[in-house]
Amino acid sequence: MKLLEYEAKEVFRRYGVPLGASAVASTPEEARDAFTKIGKPVVVKAQVGVGGRGKAGGIKPADTPEQAQSVAKQILAMRIKDLPIRKVLVEERLTIQHEVYLGVIVDRASRCFIILASREGGVNIEEVAAKTPEKIVKYNIDPLRGFRSYHANGVAKRLGYNGKKMQQLGDILMKLYRVAYEMDAELTEINPLVETADGFIAADARLNVDNNALYRHKELEAKFLESFEGELTPREMEARAMDLTYVELNGDIGIIGNGAGLTMATLDTVMLYGGHAGNFLDLGGGANPERIGKAVEFVLKDNRVKALFVNVLGGITRCDDTAKGIIDARKKLNDTKPIVVRMMGTNEEEGKRLLHGAGIETDDTMEEAAQKAVNLAKGA
Amino acid sequence: MKLLEYEAKEVFRRYGVPLGASAVASTPEEARDAFTKIGKPVVVKAQVGVGGRGKAGGIKPADTPEQAQSVAKQILAMRIKDLPIRKVLVEERLTIQHEVYLGVIVDRASRCFIILASREGGVNIEEVAAKTPEKIVKYNIDPLRGFRSYHANGVAKRLGYNGKKMQQLGDILMKLYRVAYEMDAELTEINPLVETADGFIAADARLNVDNNALYRHKELEAKFLESFEGELTPREMEARAMDLTYVELNGDIGIIGNGAGLTMATLDTVMLYGGHAGNFLDLGGGANPERIGKAVEFVLKDNRVKALFVNVLGGITRCDDTAKGIIDARKKLNDTKPIVVRMMGTNEEEGKRLLHGAGIETDDTMEEAAQKAVNLAKGA
Amino acid sequence: MKLINKETKVVVQGITGTQGRFHTARMKEYGTKVVAGVTPGRGGQEVDSTPVYDTVAEAKEKHGCDASIIFVPAGGALDAALEAMEAGMDPVVVITEGIPVRDTIELVARARQLGTTVVGPNTPGLIKAGESKMGIMPNQVFKRGSVGIISRSGTLFYEIAAHVTNQGLGESTCVGLGGDPVVGLDYIELLKWFQKDSETKAVALIGEIGGDAEEKAADFIAVGGFTKPVAAYIAGRAAIPGKRMGHAGAIIQGSAGTADSKMNALRGAGAFIGEQPVDVAKALKKVLG
Amino acid sequence: MKLINKETKVVVQGITGTQGRFHTARMKEYGTKVVAGVTPGRGGQEVDSTPVYDTVAEAKEKHGCDASIIFVPAGGALDAALEAMEAGMDPVVVITEGIPVRDTIELVARARQLGTTVVGPNTPGLIKAGESKMGIMPNQVFKRGSVGIISRSGTLFYEIAAHVTNQGLGESTCVGLGGDPVVGLDYIELLKWFQKDSETKAVALIGEIGGDAEEKAADFIAVGGFTKPVAAYIAGRAAIPGKRMGHAGAIIQGSAGTADSKMNALRGAGAFIGEQPVDVAKALKKVLG
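Protein chains in written order, with numbering that gives the first Met the number 0: chain S, 0 to 379; chain V, 0 to 379; chain L, 0 to 288; chain Y, 0 to 288.
Since the hints were derived computationally from the structure, they do not count as laboratory data. Hints are not guaranteed to be accurate.
As the list claims (entries may be wrong) - Incomplete in silico selection of chain Y near chain S, CB under 7 Å:
hint: 1; residue: Pro39
hint: 2; residue: Thr54
hint: 3; residue: Glu188
What the hints assert, rightly or not - Quick list of in silico lysine to aspartate or glutamate cross-link-like pairs, DMTMM-like style, CA-CA up to 20 Å:
hint: 4; chain 1: S; residue 1: Lys163; chain 2: Y; residue 2: Glu45
hint: 5; chain 1: Y; residue 1: Lys191; chain 2: Y; residue 2: Glu214
hint: 6; chain 1: L; residue 1: Lys215; chain 2: L; residue 2: Asp259
hint: 7; chain 1: L; residue 1: Lys1; chain 2: S; residue 2: Asp327
hint: 8; chain 1: V; residue 1: Lys336; chain 2: V; residue 2: Glu296
hint: 9; chain 1: L; residue 1: Lys142; chain 2: L; residue 2: Glu6
hint: 10; chain 1: L; residue 1: Lys8; chain 2: L; residue 2: Glu130
hint: 11; chain 1: V; residue 1: Lys137; chain 2: L; residue 2: Glu6
hint: 12; chain 1: S; residue 1: Lys163; chain 2: Y; residue 2: Glu57
hint: 13; chain 1: V; residue 1: Lys331; chain 2: V; residue 2: Glu296
hint: 14; chain 1: S; residue 1: Lys164; chain 2: Y; residue 2: Glu85
hint: 15; chain 1: Y; residue 1: Lys242; chain 2: V; residue 2: Glu237
hint: 16; chain 1: L; residue 1: Lys242; chain 2: S; residue 2: Asp319
hint: 17; chain 1: S; residue 1: Lys371; chain 2: L; residue 2: Glu274
hint: 18; chain 1: L; residue 1: Lys242; chain 2: S; residue 2: Glu237
hint: 19; chain 1: V; residue 1: Lys130; chain 2: V; residue 2: Glu98
hint: 20; chain 1: S; residue 1: Lys331; chain 2: S; residue 2: Glu348
hint: 21; chain 1: V; residue 1: Lys164; chain 2: L; residue 2: Glu57
hint: 22; chain 1: S; residue 1: Lys164; chain 2: Y; residue 2: Glu45
hint: 23; chain 1: Y; residue 1: Lys242; chain 2: V; residue 2: Glu235
hint: 24; chain 1: V; residue 1: Lys293; chain 2: V; residue 2: Asp242
hint: 25; chain 1: Y; residue 1: Lys215; chain 2: Y; residue 2: Glu198
hint: 26; chain 1: L; residue 1: Lys242; chain 2: S; residue 2: Glu29
hint: 27; chain 1: V; residue 1: Lys1; chain 2: V; residue 2: Glu218
hint: 28; chain 1: Y; residue 1: Lys242; chain 2: V; residue 2: Glu119
hint: 29; chain 1: Y; residue 1: Lys32; chain 2: Y; residue 2: Glu130
hint: 30; chain 1: Y; residue 1: Lys242; chain 2: V; residue 2: Asp81
hint: 31; chain 1: V; residue 1: Lys39; chain 2: V; residue 2: Asp197
hint: 32; chain 1: L; residue 1: Lys242; chain 2: S; residue 2: Glu235
hint: 33; chain 1: V; residue 1: Lys54; chain 2: V; residue 2: Glu98
hint: 34; chain 1: S; residue 1: Lys137; chain 2: Y; residue 2: Glu85
hint: 35; chain 1: S; residue 1: Lys330; chain 2: S; residue 2: Asp319
hint: 36; chain 1: Y; residue 1: Lys200; chain 2: Y; residue 2: Asp278
hint: 37; chain 1: V; residue 1: Lys137; chain 2: Y; residue 2: Asp211
hint: 38; chain 1: S; residue 1: Lys39; chain 2: S; residue 2: Glu29
hint: 39; chain 1: L; residue 1: Lys242; chain 2: S; residue 2: Glu247
hint: 40; chain 1: L; residue 1: Lys32; chain 2: L; residue 2: Glu130
Ideal Cβ positions, reconstructed from N, Cα and C, are used throughout, including at glycine.
Just chain S, with the same shape it has in the complex:
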């Protein structure tokens, strides 16, 4: 779950990460009042869950309350990558000496949180990482030992800071890790951390929370669905609300499988036979007929879908349950789109019997079924 900049900064502030004075505004008038409260030149920043807002004109300076009001009005009227801007962050403008990148991420290979840091922070950090990886300092945090002041100071030192600045940066790193750890974040980032004459200030903030850990962060659950705006398409949002694992694709063949790997392989096989998958839908383990029915219904209702391919390898998920779900959904929708089913495993015979009884054909291999689905979609 991705938090918006101002939400992430609220968390950062709680942990003592140094931030500029700021206020959130939902209307131009609020933006004007925010300026007055801050009492210094500001930037007005679109709060939106996608990158590239700067280039899209979503970040603008303002030197007077009136100017803050007018740029906020402009920004709040914008759409960035098709997303409405509901809030702006009005924030003290900083005199930048230098931009630093700090990130705490979950590293798959090292199986731990790692710190990434660079003195070449700012918008081009990905380029820095790609072209001059030696400018990125990487530090693995030992999960059993934790991340302590001297580890943080060591990272700051490797970045080339000494004395007071080393300590200040080390202190921010420790706070950032505390945010990452306690908030169950997959990604915690400050880019840029601005080096000013008075010390460091986090000018931007990213915080992506592990969806699996949301039960530990009840305060976020309410915002959960909303947070996917921009990341998910409207259909994906709808599926998310129904608790379906669904990814929208561009083709015309609806795909439902059980298990992420098998469902991906189903997409790939369809592609191999010249077809185009319209979606990825993984039933997960042990889906019951209702859940399967709900999934089938959801895909069949997609107007782009010309044929449906259900590929189930029965383990915990039972083939007879799958058959029931398909038949029920079809009946409910009174739909006649062609359906190809490949099923194997637990209660396979009964599932096939039910499907055949309802006039739905089955195949024994996913390769055959995929080929059939591609042909049906082309013929439809």
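For this one, chain S is given, so just place chains V, L and Y on it according to the hints.
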């Protein structure tokens, strides 16, 4: 720092330890209102920092609001071990099936927190521990591994609980340890934990916080001095407020030393020569003349003190500083009580020179000095 | 690294839940020596004639179990796994899906400290074909043979195992690594094990988009760390960058973690790459005869 | 267990504070090889011609120091000690007073895990007479000789050391255990070390009220764990139960931890018990001649 029962219970409640309905009252009227709010038979309990309040009449049942008011009036008018009762806790009366003891303490020998638990809880727990130690379950918490649900369940199991009750008790143990750990407690205790038909409820609560850790618990610092009421004598309270390490004793020889061991040995040596120490005062390491003067003044002002024995082995604490402190205090008080000084170590010569100049004798060994102090006190 | 065989005595943590109950029966059918179950608070009960205890320590004391499979819900899985490890269970197979990655990080770190083999989390488990199964894969798919399988996914793994069986090759030991970003085992650790395992003549390596575990495995094979034949299938060629494809770990981030990158690396290391799942089995058939 | 000698290269953590500065000079006067200091944020400075670094790792890299003495204030002492241990310093001497016991518990546990000897906290430190001092005890008190000293207190330890020196015996190695309830070393560990140390002919054991470390030492001596002569002094006979006598650890709780209990146990184990500090030195003189 010892918290009062109601303060400890406020902490316990924050951590989810099951407690009966209760309210604190400072007046009989508040106690009456508390009863009304609770709406069940209650006990009214004196909130005081010493043990034995039950036997002293500080715990009384009440079945009506009026009765709660009248017993609260009685209790609030009492003194227990010479301490005034400023508050009572009005708490739901429990139907007790069984009393359990649970404690988390810092164990010196194992160098870790340990759990102590017994099914023979209640007022006689110390007798149980002394006479039937096998009825006390002890569990060492590995500091690097922590205390987890299965460890807690294991302890509950060793207490003889199974199934749901084991889990309930395990859950309480985990919460108790979290209190102990996060509050930096030297002692965290529920005695008794009452087994009722509905589950376990903590009927009493003790929480002694490590004084060295108070900087992590700002909310307690304000109550710090007050919390020593009952534990410290009025003179000791005064010393504590002046940040002096002072213990009041019954004799007539004032003792000031540097270092706990040396100061204790000084008391012991005085005792060995037939004298009686009036106090223990440890200057600690590196006291400056002001601090030493303050300490000398504090002891000399004690009317019971007939002679003062200062025993300083100069390391970080300098002998000349000690001499200055003594001379200044004496001048300030215009006091003529006999003073025996034994000093050795850093700047010894200069210290002796200063003292001799002010007409104060010094000795080279603590044995000689102790003997002299005893004689002076007897002669005075 | 410790895997399983017919002697392995298994305790099932979370045996009283729907999944634990169901799969305990399937494992027993397969021949797995499931000697006890654990659900705190349910000690003294029985599930399908398997005795249930409150703690792993008790189960061990009574039955001498030496490996654990965990079906405990995500919120309790870390504690369950730590309990298993501290009681000396090895391997510990964590079937549970949806464990916060912070918990898995701790779990895996502790396993390394103690030297315990952890399979998963979010894994179908592992099986020694014809001897013992600690997992949720369908029993009928596997037949004793010579192909070792390593997979990040579940059902795709059964799919390919079924093809291997249909080709008459059968399987030696098969391990599901798990679909989470952080898991206890990686391909390389298993390739090392398979290199020494005399029953394994070749390996089917089933990967998917996300991370670079397959690329690292390819490097390991390329430098001669694993010398038996490898046939691989990588799922997710049709996936879109930035979207999680079901598994928490199956996501292409920027240009990293694509199927092409993985296939190219493995191909470069001399592995056969299947276009569709069945190809893997056919290629192995060709090699092993 | 690792103690010190004239080769030990010492880093002083918290060297820029008043105490660190003062005692660095005293240690150098004594002959201790203080090669570097550490204070985060003060790297590049010098204290009394000793170079200061931001981290122990740097100090080690530059000077190959192998032991650390810590003067860092209580709030930072745990981190300082962990830093020292992780950088391989051994022993680590923690002079700092007032460390929360929870921090000390973690510190000591980690030391045991890593096999590092921790002296203290709240200790005067340790000294190998005539060779090296990692501590705050006055230099002039000690003279190379044959008596090992173990003490829970500071100044009382100097007092008795001075008597031992005055008796013409001198000291081999002397260690202050520290006055906190939880410390890194106990009597038994040191008695084992002294048993093997050929330079030590007898031991002065200086105890005080609180805990049962002296009783345990007595048991250890009684069963033959330590066979050289022992003379002991226990402070706190005049103490009152329930009152902390200066040291956080010096408190009689109920009937446990009294001076009588300790003296009786040691006497029972064959140790000489001094009535006053000087008696210890006199008794040792008698034994060692």
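With a cut-off of 20 Å on the C-alpha distance, tell me whether V:Lys293 and V:Asp242 pass. Answer holds: V:Lys293 to V:Asp242 is near 10 Å, not above 20 Å.
Proposed proximity, S:Glu235 with L:Lys242 (alpha carbon, max 20 Å): holds (11 Å)
Given the proposed pairing of V:Lys336 with V:Glu296, does the C-alpha separation stay at or below 20 Å? holds (11 Å)
Hey, L:Lys242 versus S:Glu29, does the alpha-carbon distance stay inside 20 Å? violated (36 Å)
Does the alpha-carbon distance linking V:Lys39 and V:Asp197 stay inside the 20 Å limit? OK: V:Lys39 and V:Asp197 at ~16 Å, within 20 Å.
Does the structure keep L:Lys242 and S:Asp319 at a Cα separation of 20 Å or less? Since the Cα atoms of L:Lys242 and S:Asp319 sit roughly 31 Å apart, the hinted pair is violated (cutoff 20 Å).
When you check the alpha-carbon spacing of Y:Lys242 and V:Glu235, does it fall within 20 Å? holds (11 Å)
What's the verdict on S:Lys163 and Y:Glu57, does the C-alpha distance respect the 20 Å limit or exceed it? Within the cut-off at roughly 17 Å; holds.
Is the straight-line distance between the alpha-carbon of V:Lys137 and that of L:Glu6 20 Å or less? The hint is violated at about 36 Å.
Taken at face value, is the distance from the CA of L:Glu6 to the CA of L:Lys142 at most 20 Å? With a Cα-Cα distance of about 18 Å, the restraint between L:Lys142 and L:Glu6 holds, given a limit of 20 Å.
Can the restraint linking V:Lys164 and L:Glu57 be considered satisfied, given a maximum Cα separation of 20 Å? With Cα atoms ~17 Å apart, V:Lys164 and L:Glu57 stay inside 20 Å; holds.
For the pair supplied as a hint, S:Lys163 and Y:Glu45, confirm whether the alpha-carbon distance does not exceed 20 Å. holds (16 Å)
Of the numbered hints stated above, those contradicted by the structure are hints 3, 7, 11, 14, 16, 20, 25, 26, 28, listed in ascending order.
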